Amino acid sequence: MTTVSEASEKKPARGLAEGGTYQKLLAFASLIMLLIGFSIASPNFMQTSNMIAILQATSVNGVLAIAATLVIITGGIDLSVGTLMTFCAVIAGVVLTYLGMPLLIGVIAAIGAGALCGLISGTFVAKMKIPPFIATLGMMLILKGLSLVISGTRPIYFNDTPGFDLISRGSLIGEVFPALPIPNGVLILFIMAGVAAYILGRTVLGRYAFALGSNEEAVRLSGVNTDMWKMRIYALAGGICGIGGILIASRLNSAQPALGLGYELEAIAAVVIGGTSLSGGRGTILGTLIGALIMAVLTNGLRVLSVAQEWQTVVTGVIIILAVYADMVRRGKTG
Amino acid sequence: MKQLVEMGGIDKFFPGVHALKGVQFDLEPGEVHALMGENGAGKSTLMKILSGIYPRDGGTLKIGGQEANPTSPSEAQDLGIGIIHQELSLMNDLTAAQNIFIGREPRKSFGRLDEAALNTQTAEIFASMNLALDPRALVGSLTIAKQQMIEIAKALSFKSKVLIMDEPTAALNDAEIAELFVIIRRLKAEGVGIVYISHKMDELKQIADRVTVMRDGEYVGTVGAADTPISQIIAMMVGREVKEEPLEVPDLGDAEVSLQVSGLTRGKDIQDVSFSVQKGEILGFAGLMGAGRTEVARAIFGADTRDAGEIRVHGKSVAIKSPSDAVRAGIGYLSEDRKHFGLATGMNVRDNVALASMDLFTGTGGALDEAQLESTAKSYIAQLGIRTPSDVQEVRLLSGGNQQKVVIAKWLLRDCDILIFDEPTRGIDVGAKSEIYKLLEELASEGKTIIVISSELPEIMRLSHRIAVMCEGRLTGILPGGKSTTQEDIMHLATQREAAMQVTGTVQ
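Keeping their order, the protein sequence lines are chains A and B. Be aware that the first sequence starts at 1, since it is given in our numbering, and climbs by one per residue. Be aware that the second sequence starts at 1001, since it is given in our numbering, and climbs by one per residue.
Hints are computed from structural coordinates only; laboratory data are not their basis. Among the hints, erroneous ones may be present.
Derived SDA-like pairs (lysine to any residue); straight-line CA-CA distance at most 25 Å [claimed, not checked]: (1) A:K129 <-> B:D1307; (2) A:K127 <-> B:K1321; (3) A:K127 <-> B:H1492.
All values derive from a computational prediction rather than experimental measurement.
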């Protein structure tokens, strides 16, 4: 009966904590162990500049992983987050560089385009009942193609938009605390994580996201307009991908239309490592954040140790399998 | 005669729970031995020990007179123990024969499958059961009853001498139950011992030789099925006599007609069904499996589309195209399958109570008022007597009766005054049943309109102020509740395949 008293004391701050707690502790412990291990292996690893590089590398994947988490919690999947990010970057490029509009309009256009594409994916899934895997697979290819078409297969540079590169590379924190030059991209990631966690844990949208992933038919038979809520989640995820698009475009100071494919898998990997269930109903933003950090630390650490790129990819694959296996072992024990 | 199974002093511990306390059980060849007890009494745990799924922590187990210690289902199978689970575990896209021999298919050289031998061997088993079934039939295309026969055939194909059946009739209609009993009697005659787990008292009288009752993990006693009154068995199960309180049909006079359905039609499932219910009334829907009662409920609720028919709520015609339209009109539907259609099982009590009314708890910016959610959930927990350690307990951990109360709370909170209960006590044990009945009666006396669909005639007769009877998609009649209607009257209408009278006006 010990489990009961634990459950009753647990506060339902679900967005950040509850659900897959063990997995997250494990993920967090792995993160710490990786950090310690790499620090011992290489004195260059634990430098402030390298830590900041890791955070910077996490920012784009982290933002996309947050978007993917929202959809995965509803029991769906979004394979289009990577190419949608690119598409939004290209849209920003068109609006800012080709049309010469002000910076803010470009940002709004990118986020708006993301939300619209997410809404379209959501419509495929909710209204047309196309399985999310297929709907977003189609969307992934459509957006990859459209990015190339719109940009004329050439990168669009943001040299005419002063300050665009500062969105990701500048450091507001560094201006206040010069010792901590954390780039804005990382700040934006953490703000997005906070917002997403709040939405998941404290709003109707979030509660229905978990409910949909837990038992969609029961939610529908409760008189809830499940289609609408699902479309909203996909649209929100799309909008977040739009922010991801701004971040990557700002970091590269260009919209690279050929980029994007493969990012969706890295994002999903971060989600899974972070303990979110691919069958829906369980998951946290904090876990996803840790998952994204683990992947970035791993990539960075192996590079610092001069491990070849090819092997870095192999190790990432192994980590994903180990992470999910750990989750399975836990469930086997409790269930 | 040598005992097939002898279990004595069986103990089983789960973390924090003493699940079985020195339980005994035995089985003779050629007998049907019913195992009874409320949910959580330990029946399934005991049978899982017998079938090698759980190891025992104490006690003795003899199979066929030999000390046995099965540590896996396949070891138990080798010892002649077959189990047929409540939830069938067949692969719908494979044929009957492929299902029966899954994992031990007859083979030819180079690992090629010998389909011919497979089908012949299956046909032999079917013949021994006197079952007319094509071994090549796809399992998914068969009725639940036939699928169950295949499970039995599968168990027999292991040369099982002991067959454990867990609620075998839960999904069967009367004709199918009769079919099953024919098979069971044939197996008995061949000396197979059958452990029969069921909640249905009338079945025990028909099929069982002995009854063993368990309660709270303890052995209560073993009695003969034929010479023990049902009330005594129930008393053994619940530890007290359950009194049937006589139904008093209230005089509703000219109370408002809150729900009027006319000409409801949906393909062959629902044919021109018309009826009305008054405020404060409990209308029972009786009929055999497949009579179309659930279909009527789902059509009214907008869960399925309908071809024709008007629905009037409180006199006003309402266009119901989806469950959210129905809920807006004040109609709530409580499905028989709570786990699939009623509850978000992975979520807690608090969220499930609020599932249909999240908008009530939404403040600025879509933020949820968690404190109000909590106090609302707690007030329903108190009001309906939901037994849960807290309002943040996951609902999957609650018992069936308490899960049902959570669903009821969901609709009460949504302010639905027309509630359709589909098999409200399915999977709920005897003690909790009467609690649910009282709750329904209280709701009716508070002015809610209640529709109860049930396959259990005693339940219909216990609750209904009026009884609507359906047969093959048609409403064959509406009978008054109370003593003037007998089970025979209802069964007569439930089997009336051609409408002898057209039911049009329904308010008596």
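Outcome of the hint check:
1. A:K129 <-> B:D1307: holds (22 Å)
2. A:K127 <-> B:K1321: Distance of about 15 Å is within 25 Å: holds.
3. A:K127 <-> B:H1492: violated (44 Å)
The structure shown violates just one earlier hint, number 3.
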